[in-house]
Amino acid sequence: MIYHREFKNKKTEKLETPKQSAFEPTPSISAISFLRFWISSTWRRLVFTVISVPVSKRPHTGTESASLSLSTKSFVSAEGEALWNHKLFIRFKMNFSFNPQSNYSEITSNYPESSQSININKPQFISSIKASDITKRDNIQVSSHDARKVVLSSQYGPGQMEGLGTHLIEKSLSKPKQKLEFIRTLLIDNYDSYTYNIYQELSVVNGLPPVVVRNDEWTWEEACYYIYEERAFDNIVISPGPGSPACPADIGICFKLLLECGDIPILGVCLGHQALGYVHGANVVHAFEPVHGRLSEIQHNGCKLFHDIPSGKNSGFKVVRYHSLVIDPKSLPKELIPLAWTCSTDTISSLVDQKFDQSNYVETTPDNKVLMGIMHSTRPHYGLQFHPESIATCHGSRIFKNFREITEDFWGWKDSCSINDRKLKYNGGKWKANSSNLRNDVKFLKLEWRKIENLCSQIGGAKNIFLELFGDENAENTFWLDSSSTEKRRARFSFMGGKGGSLWKQITFRLSDTSGGHVTIENAQGLSTTTFLEEGCFHFMNKELQSIHYDEKDLQGLPFEFYGGYVGYLGYGLKVECGAPYNQHKAKTPDACFFFVDNLIAIDHSNDDIYILNLHDQTTKTKTKTKTKTWVDDVYQKLITLKPSSTTLPKVQYRNNNKKTESTFLSDKNEEQYIKDVEKCQEFIKDGESYELCLTTQMRKKLGDLNRLGIYLHLREKNPAPYAAWLNFSKEDLTICCSSPERFLRLDRDGVLEAKPIKGTIARGSTPHEDHMLKSQLQHSEKDQAENLMIVDLLRNDLGRVCDPGSVHVPRLMDVESYATVHTMVSTVQGKKRSNLTAIDCVRAAFPGGSMTGAPKLRSMELLDSLESCSRGIYSGCIGFFSYNQTFDLNIVIRTVVIHQGEASVGAGGAIVSLSSPQEEYKEMVLKSRAPVNSVLKYEQNSLEQ
Numbered sequence: 001m002i003y004h005r006e007f008k009n010k011k012t013e014k015l016e017t018p019k020q021s022a023f024e025p026t027p028s029i030s031a032i033s034f035l036r037f038w039i040s041s042t043w044r045r046l047v048f049t050v051i052s053v054p055v056s057k058r059p060h061t062g063t064e065s066a067s068l069s070l071s072t073k074s075f076v077s078a079e080g081e082a083l084w085n086h087k088l089f090i091r092f093k094m095n096f097s098f099n100p101q102s103n104y105s106e107i108t109s110n111y112p113e114s115s116q117s118i119n120i121n122k123p124q125f126i127s128s129i130k131a132s133d134i135t136k137r138d139n140i141q142v143s144s145h146d147a148r149k150v151v152l153s154s155q156y157g158p159g160q161m162e163g164l165g166t167h168l169i170e171k172s173l174s175k176p177k178q179k180l181e182f183i184r185t186l187l188i189d190n191y192d193s194y195t196y197n198i199y200q201e202l203s204v205v206n207g208l209p210p211v212v213v214r215n216d217e218w219t220w221e222e223a224c225y226y227i228y229e230e231r232a233f234d235n236i237v238i239s240p241g242p243g244s245p246a247c248p249a250d251i252g253i254c255f256k257l258l259l260e261c262g263d264i265p266i267l268g269v270c271l272g273h274q275a276l277g278y279v280h281g282a283n284v285v286h287a288f289e290p291v292h293g294r295l296s297e298i299q300h301n302g303c304k305l306f307h308d309i310p311s312g313k314n315s316g317f318k319v320v321r322y323h324s325l326v327i328d329p330k331s332l333p334k335e336l337i338p339l340a341w342t343c344s345t346d347t348i349s350s351l352v353d354q355k356f357d358q359s360n361y362v363e364t365t366p367d368n369k370v371l372m373g374i375m376h377s378t379r380p381h382y383g384l385q386f387h388p389e390s391i392a393t394c395h396g397s398r399i400f401k402n403f404r405e406i407t408e409d410f411w412g413w414k415d416s417c418s419i420n421d422r423k424l425k426y427n428g429g430k431w432k433a434n435s436s437n438l439r440n441d442v443k444f445l446k447l448e449w450r451k452i453e454n455l456c457s458q459i460g461g462a463k464n465i466f467l468e469l470f471g472d473e474n475a476e477n478t479f480w481l482d483s484s485s486t487e488k489r490r491a492r493f494s495f496m497g498g499k500g501g502s503l504w505k506q507i508t509f510r511l512s513d514t515s516g517g518h519v520t521i522e523n524a525q526g527l528s529t530t531t532f533l534e535e536g537c538f539h540f541m542n543k544e545l546q547s548i549h550y551d552e553k554d555l556q557g558l559p560f561e562f563y564g565g566y567v568g569y570l571g572y573g574l575k576v577e578c579g580a581p582y583n584q585h586k587a588k589t590p591d592a593c594f595f596f597v598d599n600l601i602a603i604d605h606s607n608d609d610i611y612i613l614n615l616h617d618q619t620t621k622t623k624t625k626t627k628t629k630t631w632v633d634d635v636y637q638k639l640i641t642l643k644p645s646s647t648t649l650p651k652v653q654y655r656n657n658n659k660k661t662e663s664t665f666l667s668d669k670n671e672e673q674y675i676k677d678v679e680k681c682q683e684f685i686k687d688g689e690s691y692e693l694c695l696t697t698q699m700r701k702k703l704g705d706l707n708r709l710g711i712y713l714h715l716r717e718k719n720p721a722p723y724a725a726w727l728n729f730s731k732e733d734l735t736i737c738c739s740s741p742e743r744f745l746r747l748d749r750d751g752v753l754e755a756k757p758i759k760g761t762i763a764r765g766s767t768p769h770e771d772h773m774l775k776s777q778l779q780h781s782e783k784d785q786a787e788n789l790m791i792v793d794l795l796r797n798d799l800g801r802v803c804d805p806g807s808v809h810v811p812r813l814m815d816v817e818s819y820a821t822v823h824t825m826v827s828t829v830q831g832k833k834r835s836n837l838t839a840i841d842c843v844r845a846a847f848p849g850g851s852m853t854g855a856p857k858l859r860s861m862e863l864l865d866s867l868e869s870c871s872r873g874i875y876s877g878c879i880g881f882f883s884y885n886q887t888f889d890l891n892i893v894i895r896t897v898v899i900h901q902g903e904a905s906v907g908a909g910g911a912i913v914s915l916s917s918p919q920e921e922y923k924e925m926v927l928k929s930r931a932p933v934n935s936v937l938k939y940e941q942n943s944l945e946q
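Just so we're aligned, residue 1 is where the sequence shown starts under full-length UniProt numbering, counting upward by one.
Do not take every clue at face value.
Stated by the list, open to error - Computed cross-link-like contacts, DSSO-like style, restricted to lysine-lysine with a CA-CA straight-line distance of at most 30 Å:
| no. | residue 1 | residue 2 |
| --- | --- | --- |
| 1 | 463 | 443 |
| 2 | 643 | 718 |
| 3 | 676 | 443 |
Claimed, not checked - Distance windows between CB atoms, simulated:
| no. | residue 1 | residue 2 | range |
| --- | --- | --- | --- |
| 4 | 527 | 606 | 28 to 34 Å |
| 5 | 529 | 617 | 18 to 24 Å |
| 6 | 221 | 551 | 17 to 23 Å |
| 7 | 576 | 672 | 29 to 35 Å |
Quick caveat, the hints were computed from the structure, so don't treat them as lab data.
Glycine residues also receive a C-beta, built at the ideal position from the N, C-alpha and C atoms.
Full structure from sequences and hints, please.
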């Protein structure tokens with residue numbers, strides 16, 4: 001295929017190379033002089049043309065001819081064949097023999113070859129990244145001669161430059177260059193969950209956020225238009241991703257970028273690295289074992305990509321690996337140069353109770369290291385098998401800085417006027433600020449509150465307060481965000497309330513079978529309306545919150561983040577509004593349910609203070625002022641006169657109403673079926689489809705007339721948790737009893753986002769010594785560390801989509817926290833929200849929580865849907881609040897009993913990785929379900945005995 005691109009209707013000039021035997025001498029100096037004369041006399045007529053010369057599998061005879069493309073940048077064919085270029089001029093001067101037809105290995109691929117010529121004009125299309133959004137390289141002059149000499153220095157490792165005129169290169173490198181203010185990167189996202197970690201790194205290193213484009217978002221013509229006609233990018237980075245480079249759907253446009261774009265620096269990470277090898281004929285095979293979330297020491301050849309980075313064993317250069325496929329180094333063609341390998345002593349521990357078919361695997365031995373980096377010999381194309389963007393990779397930022405310097409050297413920037421002409425015309429991200437037209441029926445809310453100091457413990461604590469104020473009539477239409485575990489300052493505040501104020505309403509959302517869904521809104525008077533929402537739940541919630549105006553002064557003096565607003569849950573099925581293509585199973589419960597709360601109690605467990613809060617519409621203040629004071633004063637009087645433990649749960653005689661009930665919970669899948677699903681997950685992981693899969697199942701039990709609040713009180717007593725919750729949506733016959741230890745996401749008034757993912761769980765010991773040993777075992781478990789690291793990197797990615805560049809960090813990595821029944825490994829990820837984004841934008845970017853999906857998130861959710869036999873429903877979603885001022889705090893729904901229409905269900909599962917033991921994974925799933933299951937069974941037993 002010969003691919004031409006024309007500018008300003010200028011003609012494309014081509015020159016045929018003379019037929020030449022492989023044994024003929026190199027061209028004479030006179031031939032070179034002629035070429036230079038011809039170029040200098042016709043340079044005004046030259047246009048940039050990329051030549052793609054199909055290569056067959058037959059041996060080169062040295063008699064074939066090649067088309068010569070003259071360019072102000074390069075004379076290199078799209079397959080990487082070095083033609084008549086400045087590199088050849090250097091080689092000719094050094095009297096090196098050269099045959100342009102025999103210098104490189106053949107390229108083989110599954111893609112059909114084409115001889116069609118494509119003339120690129122400005123494409124007519126609408127894209128999420130518009131031409132006007134991209135910085136154009138206006139009037140930048142590039143010296144081809146200087147640029148090519150500089151590129152040589154960055155493309156060869158030690159010892160490989162010998163005889164290539166190193167004195168010329170060193171002279172070129174010694175020339176002073178003006179450092180660019182920014183570098184414009186096109187970041188191709190292969191549907192990975194770590195792409196925005198690269199985005200964050202590049203934003204800081206480049207001085208400008210990259211443009212992120214999915215690998216199937218642009219056509220080839222669109223990509224060529226932006227890369228060449230608009231000249232919008234200085235380099236390209238290809239992200240990691242699930243799958244294999246041999247599958248066109250997995251790498252999309254990346255194949256053609258690597259094949260055709262020989263004149264722009266490209267860095268491929270993981271899948272991008274494998275694609276670089278595959279495009280040029282290398283074999284991509286299964287590794288000896290999958291390696292995900294685990295570290296290796298690296299040695300390298302000292303090329304510019306690894307400048308100022310140590311090398312070898314005990315050097316401090318450790319990297320994180322997420323891959324199950326590798327490039328077979330024995331299959332590398334001549335044009336690909338190996339750059340880095342795992343250290344020979346850095347062996348990988350064997351799997352437990354698992355054997356591999358080793359017929360198609362590359363073994364990791366001291367004599368056969370795993371290839372970790374490659375580069376093209378004549379193109380500025382690089383590949384890294386490891387993940388430089390991971391939180392645990394050492395010197396990762398240095399690698400991205402080195403790639404920036406490689407890019408600057410390649411283009412040979414030196415014209416300061418041209419550099420200053422480069423303008424910023426895009427915001428670099430795909431998460432746009434919500435427009436003002438989202439606002440609907442604007443409300444001006446006024447907050448009034450009253451504080452009672454040092455009272456909570458004197459009147460029996462949060463439990464007694466809830467029972468006194470909201471516990472009658474089976475606690476209908478009530479909520480309690482319950483920090484029942486406050487030790488070590490894991491949580492400080494609890495919030496509770498019920499139906500009562502004039503602004504109160506209940507919002508119930510159910511997804512439709514296609515797209516969008518139906519929302520039912522019940523107001524304080526009990527009137528309901530149902531509407532179809534084509535744009536879905538998140539858009540509706542965003543519009544609701546955007547419609548509220550308030551005075552910041554109302555919030556002064558309050559130490560917490562919830563002042564009234566929405567309290568409820570988002571079900572796992574809403575993943576279809578966050579990028580997942582479909583839901584395999586439909587939930588019986590609503591996909592989202594919220595109260596709008598205008599009357600509430602807040603408890604500060606640290607200071608023992610109680611706050612009484614009321615919201616009202618300022619436009620109707622005169623009508624509601626008396627009612628507001630009445631409610632606040634009434635609650636105040638009740639609290640100051642409340643006696644410790646004066647209120648108890650009403651005793652309800654247990655009846656089953658002749659309905660069939662089980663004596664225990666029944667699992668949707670038995671042990672054998674669950675273990676088989678674990679093994680299927682590991683097959684997916686081995687084939688590169690996922691790094692980690694959070695497999696779950698459900699246990700169910702029919703209930704009689706048990707007091708649901710009693711079940712929750714029993715659960716919070718036996719398994720207290722910092723993010724526990726009680727939600728009772730009486731009209732839906734839906735009650736949620738949650739004892740979650742995990743925070744999904746929080747946004748505070750300062751705009752700081754925080755996630756606290758949990759991965760790694762082990763049971764508590766029966767003695768202090770055993771308990772300490774088990775805790776230490778969890779802390780040092782390679783499997784659990786790998787699980788946790790993968791999810792930390794995933795949450796960094798999710799926050800990186802909506803946070804300021806450089807602000808995402810991990811203040812706590814893999815801490816072990818102890819709860820009543822288990823030890824867990826917890827990390828903390830934080831970042832500063834971008835000012836143009838809303839609270840709902842942040843949640844959509846990260847939902848569902850990565851600890852409940854695995855990584856990469858989208859592909860993992862598809863695989864899990866195919867394995868799990870029912871909808872997760874509320875389980876794996878999140879519970880919490882959206883305050884009217886757009887702060888929020890949401891948990892992950894785990895360790896939870898969902899009671900709906902007379903049936904109790906408990907979801908449980910665990911992260912499956914390559915190191916998992918199927919039998920141990922089943923035991924861990926049972927362990928996680930134990931607290932909520934036992935709370936129901938024991939409360940039921942106690943009720944029968946009364």
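Hints, verified against the model:
Restraint check for residue 463 and residue 443: the C-alpha separation of about 34 Å exceeds 30 Å, so the hint is violated. About 24 Å separates the Cα atoms of residue 643 and residue 718, which keeps this hinted pair within 30 Å; it holds. For a cut-off of 30 Å, the pair hint linking residue 676 to residue 443 is broken: about 54 Å separates their Cα positions. For residue 527 paired with residue 606, a C-beta distance near 41 Å fails the hint of 28 to 34 Å.
Residue 529 and residue 617 have their C-beta atoms about 19 Å apart, which keeps the hinted 18 to 24 Å range intact. One distance hint, 17 to 23 Å for the beta-carbon pair residue 221 and residue 551, is violated here, with the actual separation near 53 Å. Checking the proposed 29 to 35 Å range against residue 576 and residue 672 shows it holds: the Cβ atoms sit about 31 Å from each other.
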